[in-house]
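Residue numbers (the working numbering), protein chains in the order written: chain A, 1 to 525; chain B, 1 to 77.
Incorrect hints may have been included.
Interface residues of chain B toward chain A, partial, derived using beta-carbon atoms under 7 Å [as the list claims (entries may be wrong)]:
(1) K13
(2) T35
(3) A36
(4) V52
(5) E53
(6) I57
What the simulated footprint calls covered on chain A by chain B, stretch by stretch (three residues with Cβ under 8 Å from a Cβ of chain B suffice, anywhere in the stretch; the number is not a length) [to be verified]:
(7) 170–176
(8) 268–280
(9) 344–356
(10) 470–483
Some chain B residues judged to face chain A by a derived CB distance under 8 Å, without partners named [claimed, not checked]:
(11) L15
(12) P17
(13) V32
(14) V37
(15) M38
These are calculated hints, taken from the structure and not from any lab test.
Idealized CB from N, CA, C, for every residue including glycine.
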Amino acid sequence: MLLFEWLRADAQAHPDKPAAIFCGDSGVDGEDRISFAELDRHSDRVAAFLQSKGVGPGDRVALLCENTLPALCWFWGVLKAGAATVDVPGLAGRDTIQAVLDEAGPKAICVDVAPMKKHVAVDGGLTLPALVLSTEAGAELAGERPVTTLSSILATDATPSAPTTSPDDAALIVYTSGTTGRPNGVMLSHRNFSSNLIAGNAMMGLTDADSILVVVPLHYIHGRMQLLWHAMVAGTVVFSAGFAFPQKVLLELIEHQTTGFSGVPFHFKQLMDRSKMAKTPPEALKYVLITGGALPIDELERLDGMLPNTGIHIAYGQTEASPRITYIGPEELFVKAQGGKFSVGKALPDTTLEILGSDEQPVGPGQIGEVAAGGPNIMIGYVSGDHRELGKIDAHGRLRTGDLAYLDEDGHLYLAGRSSEMIKSAGERIFPQEIEAVLAKHPRVDEVAVIGVKDPTLGERIVAYLKLTEGEPVESSDFKALCLESLPFVRVPKAFVVRDDLPKTGSGKVSRGKLRQEAAENPPA
Amino acid sequence: MSIEQDLLTYITKELAPGNTDIDAEASLSGVVDSTAVMELVVWIEGQYGFDVEIDDITPDNFGSVKALSAYIEKNKK
Numbered sequence: 001m002l003l004f005e006w007l008r009a010d011a012q013a014h015p016d017k018p019a020a021i022f023c024g025d026s027g028v029d030g031e032d033r034i035s036f037a038e039l040d041r042h043s044d045r046v047a048a049f050l051q052s053k054g055v056g057p058g059d060r061v062a063l064l065c066e067n068t069l070p071a072l073c074w075f076w077g078v079l080k081a082g083a084a085t086v087d088v089p090g091l092a093g094r095d096t097i098q099a100v101l102d103e104a105g106p107k108a109i110c111v112d113v114a115p116m117k118k119h120v121a122v123d124g125g126l127t128l129p130a131l132v133l134s135t136e137a138g139a140e141l142a143g144e145r146p147v148t149t150l151s152s153i154l155a156t157d158a159t160p161s162a163p164t165t166s167p168d169d170a171a172l173i174v175y176t177s178g179t180t181g182r183p184n185g186v187m188l189s190h191r192n193f194s195s196n197l198i199a200g201n202a203m204m205g206l207t208d209a210d211s212i213l214v215v216v217p218l219h220y221i222h223g224r225m226q227l228l229w230h231a232m233v234a235g236t237v238v239f240s241a242g243f244a245f246p247q248k249v250l251l252e253l254i255e256h257q258t259t260g261f262s263g264v265p266f267h268f269k270q271l272m273d274r275s276k277m278a279k280t281p282p283e284a285l286k287y288v289l290i291t292g293g294a295l296p297i298d299e300l301e302r303l304d305g306m307l308p309n310t311g312i313h314i315a316y317g318q319t320e321a322s323p324r325i326t327y328i329g330p331e332e333l334f335v336k337a338q339g340g341k342f343s344v345g346k347a348l349p350d351t352t353l354e355i356l357g358s359d360e361q362p363v364g365p366g367q368i369g370e371v372a373a374g375g376p377n378i379m380i381g382y383v384s385g386d387h388r389e390l391g392k393i394d395a396h397g398r399l400r401t402g403d404l405a406y407l408d409e410d411g412h413l414y415l416a417g418r419s420s421e422m423i424k425s426a427g428e429r430i431f432p433q434e435i436e437a438v439l440a441k442h443p444r445v446d447e448v449a450v451i452g453v454k455d456p457t458l459g460e461r462i463v464a465y466l467k468l469t470e471g472e473p474v475e476s477s478d479f480k481a482l483c484l485e486s487l488p489f490v491r492v493p494k495a496f497v498v499r500d501d502l503p504k505t506g507s508g509k510v511s512r513g514k515l516r517q518e519a520a521e522n523p524p525a
Numbered sequence: 001m002s003i004e005q006d007l008l009t010y011i012t013k014e015l016a017p018g019n020t021d022i023d024a025e026a027s028l029s030g031v032v033d034s035t036a037v038m039e040l041v042v043w044i045e046g047q048y049g050f051d052v053e054i055d056d057i058t059p060d061n062f063g064s065v066k067a068l069s070a071y072i073e074k075n076k077k
């Protein structure tokens with residue numbers, strides 16, 4: 001099956017039901033919602049327009065969008081035209097966005113107003129493909145550049161022809177940070193996604209009575225998963241106005257009576273510490289799904305206490321696995337906790353899970369090794385084509401996660417660390433290389449190393465260690481400003497520590513490991 | 001220095017160095033994400049000697065430097 005068939009079925013079965021509701025000002029002309037029938041009709045017109053411009057199977061269309069109503073019309077329209085979407089990480093710096101566009105080579109791009117203002121309508125703005133789609137407000141910002149507006153597309157009554165797309169063709173390309181410091185374009189097929197959603201829902205059993213509050217950007221796999229999952233079950237997706245104000249997020253959960261909420265540990269920590277969730281728990285909330293890392297067990301217990309009528313579910317996965325690999329529900333979560341650690345669950349029904357030792361052979365229960373996963377959910381590959389050279393897909397076709405873990409006798413997975421250098425801060429997965437590359441551009445920086453230091457709120461706090469060349473002292477705000485040119489705030493180091501010398505490995509490279517050890521013993525201010 | 005000036009100095013030094021578009025009226029959405037709001041709250045509490053209540057951390061109060069300085073003016077000790 002192809003993913004857009006879900007939207008078609010929803011429009012047939014529940015034409016007037018809201019497909020999406022927007023809490024902020026992200027609708028069109030003051031509309032705060034769109035029904036399944038309307039979204040189906042709007043996206044049909046987008047698809048017909050794209051096809052009339054020669055966009056179809058095998059082509060890519062980039063989305064430089066936020067969580068808005070037009071972004072949904074573009075997303076479904078691209079899929080219905082038979083092409084693949086490219087989710088451009090809008091929070092990234094302009095150089096990164098340009099690199100993504102250059103690599104993916106989209107035939108067209110759909111741009112929301114805010115990124116149009118930030119990245120296109122400025123000196124040195126992005127170089128875009130010839131075909132640019134936006135709203136009226138976006139077009140006004142684009143200056144001389146020809147832009148086709150959504151309203152002009154919706155004014156037609158064209159219908160698209162059925163594309164010759166196969167379920168194994170790429171449907172979505174999602175960019176993630178990579179160990180090389182460059183983002184990796186993860187190509188996921190219709191089958192990758194549908195198999196993972198069907199397997200996941202076999203565990204969680206969502207129906208058309210369910211709805212969810214989305215706080216993560218749609219261009220993350222976590223956002224796409226929530227959107228497509230609810231299209232699969234004909235549930236409503238409510239888009240939060242944003243997570244900067246946790247108390248407001250709680251009020252959104254209460255007002256819209258959503259049955260579900262999915263977030264990373266940072267979101268739950270914020271809701272527990274910076275909203276009145278304990279006093280006024282959202283009563284319709286049936287489940288929360290925690291992904292993207294572990295809350296300490298005492299925090300999980302605190303969450304459980306605050307939400308007595310809500311089940312806590314945990315999933316573990318990676319973008320490259322569309323994204324879920326394992327799952328555990330509330331019945332087992334606390335039962336399976338061992339020595340202060342909880343399990344992230346068992347492999348999904350059609351997923352294989354192996355723990356590989358240093359000799360590349362599977363190890364027995366209780367022994368720590370690298371998590372390797374297989375199944376119909378594992379990506380087609382990276383856009384760059386080097387997923388095998390990078391060792392992300394091995395000779396047996398398995399996804400190598402880079403995560404260290406062990407299994408118990410029943411096949412429950414317990415995470416035990418990471419074999420890679422990834423930092424997790426405020427729910428973001430960050431590789432030190434991308435930040436180091438930015439800081440290395442500073443004329444006074446001689447050597448640089450970036451590490452994550454344990455932090456009770458952020459999970460990890462990003463700290464940069466610098467060795468400078470001879471000269472006047474440099475203000476921290478100088479380094480911060482340089483980082484902010486290329487990185488979103490959440491990826492900017494919280495501390496810059498200048499040292500006369502940085503510790504080295506045997507081969508003479510700066511040792512992040514030694515810095516981490518020092519920081520653990522003597523945390524930097 | 002006025003609260004507005006203090007805030008502008010802090011934001012353009014610590015939260016958005018290099019951003020020259022910020023003035024008292026400019027929207028702070030896009031400048032303050034959820035981690036920046038946390039830093040801003042801690043700074044306000046330290047600088048003006050009052051606890052910022054959960055109910056007060058809203059887009060209305062934190063939407064612009066002007067709105068934020070009005071909120072601080074009302075609550076500072």
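Quick rundown of the hints versus the structure:
| no. | hint | verdict |
| --- | --- | --- |
| 1 | K13 | holds, 5 Å |
| 2 | T35 | holds, 5 Å |
| 3 | A36 | holds, 5 Å |
| 4 | V52 | violated, 10 Å |
| 5 | E53 | violated, 9 Å |
| 6 | I57 | holds, 6 Å |
| 7 | 170–176 | violated (count 0) |
| 8 | 268–280 | holds (count 4) |
| 9 | 344–356 | violated (count 0) |
| 10 | 470–483 | holds (count 5) |
| 11 | L15 | holds, 7 Å |
| 12 | P17 | holds, 4 Å |
| 13 | V32 | holds, 6 Å |
| 14 | V37 | holds, 5 Å |
| 15 | M38 | holds, 7 Å |
Checked against the numbered hints given earlier, the structure breaks hints 4, 5, 7 and 9 and satisfies all the rest.
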